[in-house]
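Heads up: the protein sequence lines correspond to chains A and B, in order. Here my numbering is used: the first residue of the first sequence is -16, the next is one more, and so on. Here my numbering is used: the first residue of the second sequence is 233, the next is one more, and so on.
Possibly wrong hints are sitting among the right ones.
[Said to hold, decoys possible] According to the in silico footprint, chain A covers these stretches of chain B (three or more CB under 8 Å from chain A):
no., region
1, 412 to 418
2, 724 to 734
3, 789 to 801
None of these hints come from the bench; they were simulated from the model. Here the structure is a predicted model, which means the values were calculated and not measured. Glycine is no exception: its CB is placed at the ideal position from the N, C-alpha and C atoms.
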Amino acid sequence: MMIPARIASLLREPLLHFLLAGGLVFAIMQGRPADVGDRRIVVDAAVVGGIIEHHVRAFRRVPTAAELDDLIRNHVRTEIYYREALALGLDRDDDAVKKRLRNKMLAIAAARAEAQVPRDADLQALLDRDPARYARPARYWLEQRFVGDDTPASRAAAAATLAALNRGAAPALAAPALPLPARLAAAPADELAMQFGDNFAAALAGLPTGRWAGPVASGFGLHLVRIDRREAPPPSRLADVRQRLENDWRRAAIARAEAEDLKALMARYDVVIEPVR
Amino acid sequence: MTGTALRAALALGGAALLAGCEAAAPPKPRPDSVKLSEFPDRVYWGDTHLHTSNSVDAFGLGVRLGPEDALRFARGEAVTATTGMQAKLARPLDFLVIADHAEGLGATKALYDAPRLFIRDERMRRWHDMMHEGPDGSRRAMVEILAARGANDLPQAMLNPDGAAERTKSVWNASIDAVERYNEPGRFTAFHGYEYTLMQGGNNLHRNIIFRDGADRVRSVVPIDPTYKATPDEIWNAMEAYEKDTGGRVLAIPHNGNLSNGLMFELTMPGGGPMTAAHARRRARLEPVVEITQIKGDSEAHPYLSPNDEMAGYGVTGWELNNLMSNQPKQPGMFAGEYVREALKRGLLIEAATGANPYKFGVIGSTDSHTALATADEDNFFGKHSGNEPSAARALSPQNIGPRPERFGWHYLASGYAGVWARANTRAAIFDAMARREVYATTGPRITLRLFAGRDFTPADLKGDWVRAGYARGVPMGGELPPGKTPPRLIISALKDPQGANLDRVQVVKGWVDRAGKARERVFDVAWSSPETRRPVGGRLPPVGDTVDLATATYRNSIGAATLTTLWADPDFDPAVRAFYYVRVLEIPTPTWPAFDAVRYKLKLPPQVRVKAQERAYSSPVWVTPG
Chain A
-16 MMIPARIASL LREPLLHFLL AGGLVFAIMQ GRPADVGDRR IVVDAAVVGG
34 IIEHHVRAFR RVPTAAELDD LIRNHVRTEI YYREALALGL DRDDDAVKKR
84 LRNKMLAIAA ARAEAQVPRD ADLQALLDRD PARYARPARY WLEQRFVGDD
134 TPASRAAAAA TLAALNRGAA PALAAPALPL PARLAAAPAD ELAMQFGDNF
184 AAALAGLPTG RWAGPVASGF GLHLVRIDRR EAPPPSRLAD VRQRLENDWR
234 RAAIARAEAE DLKALMARYD VVIEPVR
Chain B
233 MTGTALRAAL ALGGAALLAG CEAAAPPKPR PDSVKLSEFP DRVYWGDTHL
283 HTSNSVDAFG LGVRLGPEDA LRFARGEAVT ATTGMQAKLA RPLDFLVIAD
333 HAEGLGATKA LYDAPRLFIR DERMRRWHDM MHEGPDGSRR AMVEILAARG
383 ANDLPQAMLN PDGAAERTKS VWNASIDAVE RYNEPGRFTA FHGYEYTLMQ
433 GGNNLHRNII FRDGADRVRS VVPIDPTYKA TPDEIWNAME AYEKDTGGRV
483 LAIPHNGNLS NGLMFELTMP GGGPMTAAHA RRRARLEPVV EITQIKGDSE
533 AHPYLSPNDE MAGYGVTGWE LNNLMSNQPK QPGMFAGEYV REALKRGLLI
583 EAATGANPYK FGVIGSTDSH TALATADEDN FFGKHSGNEP SAARALSPQN
633 IGPRPERFGW HYLASGYAGV WARANTRAAI FDAMARREVY ATTGPRITLR
683 LFAGRDFTPA DLKGDWVRAG YARGVPMGGE LPPGKTPPRL IISALKDPQG
733 ANLDRVQVVK GWVDRAGKAR ERVFDVAWSS PETRRPVGGR LPPVGDTVDL
783 ATATYRNSIG AATLTTLWAD PDFDPAVRAF YYVRVLEIPT PTWPAFDAVR
833 YKLKLPPQVR VKAQERAYSS PVWVTPG
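Isolated chain A, as found in the complex (with noise of 0.2 Å):
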C-alpha cells in the first residue's frame, strides 16, 4: 500500500504523540474495547523513506539501523494509539484538538491564498490603487561643492562663490571636501538622501537646472548644486515592482481568504451569547 507522502507527514504529527497519551488513559478508564476500523497497519518503502528523510534533515545523517528500527517502532505504536483514540472519541472536548484545528481550518485558506498564483491583473489593479507606495524616486545627475557650516559667514563666500562658478571659474573652496562623490549620475533622491540627508534631497526638487545654484543644506552644512539631469520616474510597471506587490498581494489574499471563510462558516451558525448577570 502507498501511503500519500501527505498522509505520511499527518502520520509524524506530534498531535498523534499527544493523543495516544490520553487515549490509553481514557481507554483504561472506560474499560471497554473500543471500535478502531480497519486493523491493519503497512509500514512499507514510502513510510520508512519519509522517516529517514526527517532524521537526515534533522540531524545531517542517516540513523543507524537501530535508531531506524525504533522510529518505525514508534511510528507503528503512534498510529495504533491514532486509529484507537479517535474510535474513543478523544478527540472530542479538548482545547488543545480544538486550537490545532482551528488552526488547520485557516491554514485551508491560507494555502488557498497561496496556491493561487496572482494573475497580473490582480497585481496590476494592486498597483493602481496606490501607486505612491510602488513609485521609483526621481533620479539626478549633479555636481555639489561644500562650502562650509551653515553660518552668515559661510553664506556670504557662497554666494561669492556661486556667481564665480557660473562665470566658469574655477574658484578654490575653503572648506575640505566631504568625502562624498563631487559628482553623481543616475542617482535616486532616496539614495541622496541617505548620503547627505533629507533636507538635501527635498530642496533638489527646486533647483533649476543646467547651472549652479544654492546654498542648499545638507546634513553635513552648505553646497552649491549644479543639476545636469533630473528625470522624474516613469510611473512604476508591474514588472519594476512585481516583488513588493506579490508580497503585498499575498498578505492581504490570506487575511482576505481567512475573513471570507468565516463569514461562510458564521452564516450557518445561531450564535448566542447570554447576558451575565
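Given the coordinates of chain A, assemble chain B onto it according to the supplied hints.
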C-alpha cells in the same frame, strides 16, 4: 507516560501555530543579476541579530510579531508593535538577518498553547499559568525559565530532542519562506540565519549563524540546538558539513563577550590546555566577525583592562557585574576574555606562539532586539523586548535574569548597527564583505567610516581620489598589510550621520606584542574638531563640550565637526613586532533614550541614569605582521 504527554502537548502547540505556513509553496529563486560596483563605494546598513516571536524568550517576553513583520519594518514600512504603537524606522535598513534562537525554536509558544491538563511538571505548569495571566506574568515566567536555563536546570520535557526537531523544522521552513520573499537583490537583502545559543552555566557564548545562500541550499539544514555543550565544535562541525554538502557558505558572529565571564576569547582551548593552531585557524575562518556592541552592552573595551583610555567603558554599566544569567559574579580576571580589544591582543599572542590567530576578526554592531523591530536610534528605541517597548516605567524597571536586582531598563543601549562596505546590496556581496572583514560597527548613528592602510600614502593622496588610491595601494579595514620596514600609514575618513550629531574626534587604537612578548595597547587621538583651539594638554585632548538640553532632549551641532579626514603614520612603529590598528570615532554628546523618555513621559530620573553619551563607530582592524 507523563513525559510523553507533556512533550506531545508542547510539540502540539508549536506545530499548531505554524500549520498555516507549512502549506506555502516555496518561493521561486530569483536570478541575482545585480551589477557590482568596481570597488565598495557605499556603506550598507543592517542588523545581523534580530529576534521575532519564533524565539523562545522573545515570545515569552511578549512579542507577537513574526519574521514578515520584522522584514517589512526593516525595509522601512510602518508596522504595529506588539504593545499597539505604530512603529517605523526614520531610515530603512539595507539588510536584515532574522536570528531567532535555534534552541527551542517555537518552544515557548508551544508551552503557552499546551493543554494545562497534560503539563505534569510543576514548574512548567506554573509558567504556563503565569503566561496566561497576561504580559506581566509572562515576563515573570520568562525570567524563571531563563534562570533555570542558566542553571542547567530546565525540566527535561522542555529539552525534548524529538519534538523539538519537528517543531524546529516547521518554524524554520516558514521563516525561510518569509525571508526568501522579502529578499530583493539590489534593494534589500534578507539573510537566512539563526542564533546558536551556546551557553555554559549562564556564561554567554552565543553565535549568530548567517548563510550566504538561498532557500534551495539552506532548506537542507535545520538549526541545531546547543543544549548544554560547552564548546563551539558542534556548530563548527555543522557549518563545515553544510558547506561541504551544499557548496554553500556560512559564517558565525559571536556576541556579548561581556557576559561570558571570561570564556568568549580564551587564551587556551575551551576547557583548558594550550590552543592549537588548527583550532585557531578554524575559528578565524568560521567566525570572521564579532558583534562588538548591542542592546545588552558594549564589548569594545573595559576601564579595568584599559586604564589609560579615558573613553573606554562605553555602555558597560549593569553588564559588568556577572554573566548573562546573573548566576556567577564576575571576577576581574575574567574581563580579559570578554572584551574585543583584549581579544585582538590575545590573538596576536596566540599567533606568536602557534602561527595562527584565532581572533583575527572584524567588528559589527547589531541590536539583538527581541521585539521584531530593529531599532538603534535613541529617539525611536523600541527596547530590548516587548515588555520594554516605550512606556513611562521602562527606564527604571528591573530587568533581571536571575534573582539579584541589579539590571535596570536604562542599562540597555539603543545600539547598534552593522556598516558593510560591499559592492552591491546582495547576499553574496554583503556576506563576502563580512568574510573579508570589510565591515564596521556603530552604536546606532550612521557614521560613514573609511580606513585604508598602506606604506606609501602621502598628503597629496587626500586631495585626490583617495578611495581608489586606498584600494590600489593599500588594504581596507579588515585587511592585512604585507610586511615592510616603513611605518604603516593610515588614511582615515569619518563623516557624521547626515541626520545626526557632529564628530568629536577620531582615534587609532593600536595593539601589539612587544619584544618581551607582552601584549600592549595605546590610543592615539589623530583628528579632532576645532584643532586650532583644542590643543592636547598633558597628552589629553580637552573635551569637545556639551550642547545637550535635557529639558527638551535635544543637542546642537554648534560644536564638533561634520567630517574628519587624516593621514596618520604610526610614530612608534617597530617592524619586528606584530600589531593591529583600528579606528574609533566619537560623536559629540547627545541625549540617550532614557532622556527622550524623560521628556516624553515627564519623568524625574535618578542621577545614576545615563542620560547623555558620546556615541561611536568602531572600524575593523588592519593587521601588520613582521616579515
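Going down the list of hints, with the structure as the test:
Coverage of a stretch by a chain is defined here by at least three residues with a beta carbon nearer than 8 Å to that chain's beta carbons; for the region 412 to 418 of chain B and chain A the count is 3, and the condition holds. With 7 residues having a Cβ less than 8 Å from any Cβ of chain A, the region 724 to 734 of chain B passes the three-residue criterion, so the hint holds. Remark: the region 789 to 801 of chain B is confirmed as covered by chain A, as 3 of its residues place a Cβ nearer than 8 Å to a Cβ of that chain, reaching the required three.
Checked against the numbered hints listed earlier, the structure breaks none of them; every hint is satisfied.
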